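So the sequences go chain by chain: A and B.
By numbering that gives the first Met the number 0, the letter at position 271 of the first sequence is numbered 270, and the numbering carries on one by one without gaps.
By numbering that gives the first Met the number 0, the letter at position 32 of the second sequence is numbered 31, and the numbering carries on one by one without gaps.
None of these hints come from the bench; they were simulated from the model.
All values derive from a computational prediction rather than experimental measurement.
Positions of the beta carbon are idealized from the N, C-alpha and C atoms, including for glycine.
Treat the hints with care, since some could be wrong.
[Unchecked claim] Cross-link-like lysine-lysine pairs, in silico, DSSO-like; alpha carbons within 30 Å at most: (1) K269(A) x K249(A); (2) K246(A) x K5(A); (3) K184(A) x K93(A); (4) K100(A) x K158(B); (5) K22(A) x K227(B); (6) K136(B) x K100(A); (7) K158(B) x K263(A); (8) K184(B) x K260(B); (9) K3(B) x K227(A); (10) K184(B) x K3(B); (11) K97(A) x K3(A); (12) K220(B) x K247(A); (13) K227(B) x K184(B); (14) K184(B) x K168(A); (15) K269(A) x K180(A); (16) K184(B) x K220(A); (17) K117(A) x K168(A); (18) K22(A) x K136(A); (19) K247(A) x K258(B); (20) K263(B) x K220(A); (21) K249(A) x K220(B); (22) K258(A) x K117(B); (23) K227(A) x K260(B); (24) K246(A) x K263(A); (25) K12(A) x K136(A); (26) K97(A) x K149(B); (27) K258(A) x K258(B); (28) K100(A) x K258(B); (29) K117(B) x K227(A); (30) K227(B) x K12(A); (31) K258(B) x K227(A).
[What the hints assert, rightly or not] Derived CB-CB ranges, DEER-like: (32) K149(A) x E272(B): 32 to 40 Å; (33) W231(B) x R112(A): 44 to 52 Å; (34) N138(B) x L99(A): 35 to 43 Å; (35) S185(A) x S41(B): 26 to 34 Å.
[What the hints assert, rightly or not] Selected chain B positions facing chain A (in silico; Cβ < 8 Å): (36) N63; (37) K180; (38) P201; (39) F205; (40) N217.
Protein chains: 2
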Amino acid sequence: MKNKRKVIFQGEKGAYSEMAVLKFFPDAITIPIRSFHEIFESIINDENEIAVIPIENSIEGSVNENYDLLLQNDINIVGEIFQRINHCLIVNQKHDKKILKVYSHPQALAQCREYINKRELEPIPTYDTAGAVKIIKENNLTDAAAIASKRACELYNMKIIDEGIEDRKNNFTRFFVISRKIVTKSTGNDRTSIIFGLEHTPGSLFRILNEFAMESINLTKIESRPTKETPWEYYFYVDLEGHQTDKKIKNTLENIKNKAKFFKLLGSYKRGEF
Amino acid sequence: MKNKRKVIFQGEKGAYSEMAVLKFFPDAITIPIRSFHEIFESIINDENEIAVIPIENSIEGSVNENYDLLLQNDINIVGEIFQRINHCLIVNQKHDKKILKVYSHPQALAQCREYINKRELEPIPTYDTAGAVKIIKENNLTDAAAIASKRACELYNMKIIDEGIEDRKNNFTRFFVISRKIVTKSTGNDRTSIIFGLEHTPGSLFRILNEFAMESINLTKIESRPTKETPWEYYFYVDLEGHQTDKKIKNTLENIKNKAKFFKLLGSYKRGEF
């Protein structure tokens, strides 16, 4: 019998991260891990470990903690997943009373703010969307609902009373598949992620972006994060179209490496599908 | 008798935001407000209202919610404050037992992670640093401490048992003073903040940054935030040296306005002092 691949993710079973794992690795055994910090620790300690981590949401923006962990740890990005976020209002099977409170992760509560206000519910923050379902179930709350995925509802055998309750429907989360060992080959439809640090002089960022512009390399994202060492100095995280083995990309990255104060290649990976 | 100026801030009395208010307006009457959302609402509804809001921390990065609110609301940035973050471990006066738990805002807990691990404390997240002190006091907890400012300790008449417990000492938060009415004059030592949106074509960001580079205008920060309308399209927030009335800046901003899909001037203000 073939061994199934194990993939780790942060949160409880039923989390959107777990759905992303199963979209990329349909046969995987999904293993929940408590924190992003522990995810990276596992990857560093075991070269066969594979993880799926959220990196940005189309409404809320970047997951800062994971951007910092990508800088601090020696890992490769080997895949990209886009997961549609479809929030459900979930209650106990024997729910009977009027719902007064709603439990969920602060980001999910923020994404359903208009809906929550219209129903005049009291929002209660929790550490995880699927974890909110667990709380409602274990405490047998009948005047409260959770906001989480359909999958979380099914796993805990609960009842959905409303679906698609997010204020904006363009709600996607982008995930990275990370590992220490794996290196990907060019597929002709790839993205590459890098980090660089610059001298604090006028035009320093411009001179780096000029390298991409001269080669008509399309940048799909630029993000800045504090270096933490020197206040108001930043690392820049750039995603670009192409694979690190493409000649044009390879040469450009070489030039940037020479010009930047700091340079780190995070990996090249096939672009995720919507 | 001269009326004292009222300034609103988010959080409880004793919050770092309140300390920032008093650094900029030493005689102000400080008024706590529950959420950033309500801060902006007050500013919009009353042209005499002034607020101080955190915009980025030198370790944790940008306060995303406030970046989004600056885009959505018609306000001016009229001042900048840098506030040193100096975390204290605070207990009840009659504290006697061994401390097992520590309450604070998740960012403050994150900033003291090494300290918390070394002392083997269980971190409990709260909505505000000063609010954590309030919880310890009101519930008369003797096996728990709060992480907050010295000021919060004094206001609640509590006891500091350790000081400067943050893992990194370069810990500053940058605040904006915002208002609807006030417009500032050039002081010769100013900063200007803008937001722009771009067509998603190769080199579009480069072409905007080129405008600054040609005039040797120094950019001190560049931040991207999702537009929320179209997934993976971003608004760019740029801080630059100079005042909007300086001829060089005025012309450059005019050029950018013509090239960008979206442009918003947030204001010019005297640079804050450390």
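For this session: Indicate whether the distance between the beta carbons of N138(B) and L99(A) respects the range 35 to 43 Å.
Result: Violated, at about 24 Å.
Problem set entry | Status of the F205(B) interface restraint (C-beta, 8 Å, chain A) | Hint on F205(B): holds, closest Cβ of chain A at ~4 Å, below 8 Å.
Exercise. Is K136(B) close enough to K100(A), meaning Cα to Cα at most 30 Å?
Worked result: 27 Å, holds
Exercise. Is K246(A) close enough to K5(A), meaning Cα to Cα at most 30 Å?
Worked result: 34 Å, violated
Problem set entry | 30 Å limit on alpha-carbon distance, applied to hinted pair K3(B) and K227(A) | With Cα atoms ~38 Å apart, K3(B) and K227(A) exceed 30 Å; violated.
Exercise. Is the hinted pair K220(B) and K247(A) satisfied, with a Cα-Cα distance of at most 30 Å?
Worked result: 29 Å, holds
Exercise. Holds or violated: K184(B) with K168(A), Cα cutoff 30 Å?
Worked result: 43 Å, violated
Exercise. Given the proposed pairing of K22(A) with K136(A), does the C-alpha separation stay at or below 30 Å?
Worked result: It holds: about 27 Å lies between the C-alpha atoms, which stays within 30 Å.
Problem set entry | 30 Å limit on alpha-carbon distance, applied to hinted pair K158(B) and K263(A) | 45 Å, violated
Exercise. Is K117(B) close enough to K227(A), meaning Cα to Cα at most 30 Å?
Worked result: Distance ~21 Å between K117(B) and K227(A) Cα, so the pair holds.
Problem set entry | Consistency of beta-carbon spacing, R112(A) to W231(B), with hint 44 to 52 Å | Check failed, 22 Å falls outside 44 to 52 Å.
For this session: Take the C-alpha atoms of K184(A) and K93(A), compute the straight-line distance between them, and say whether it is at most 30 Å.
Result: 52 Å, violated
Figure legend: structure checked against the earlier numbered hints; hints not met, in rising order: 2, 3, 4, 7, 9, 11, 13, 14, 16, 22, 23, 26, 28, 31, 32, 33, 34, 35 and 37.
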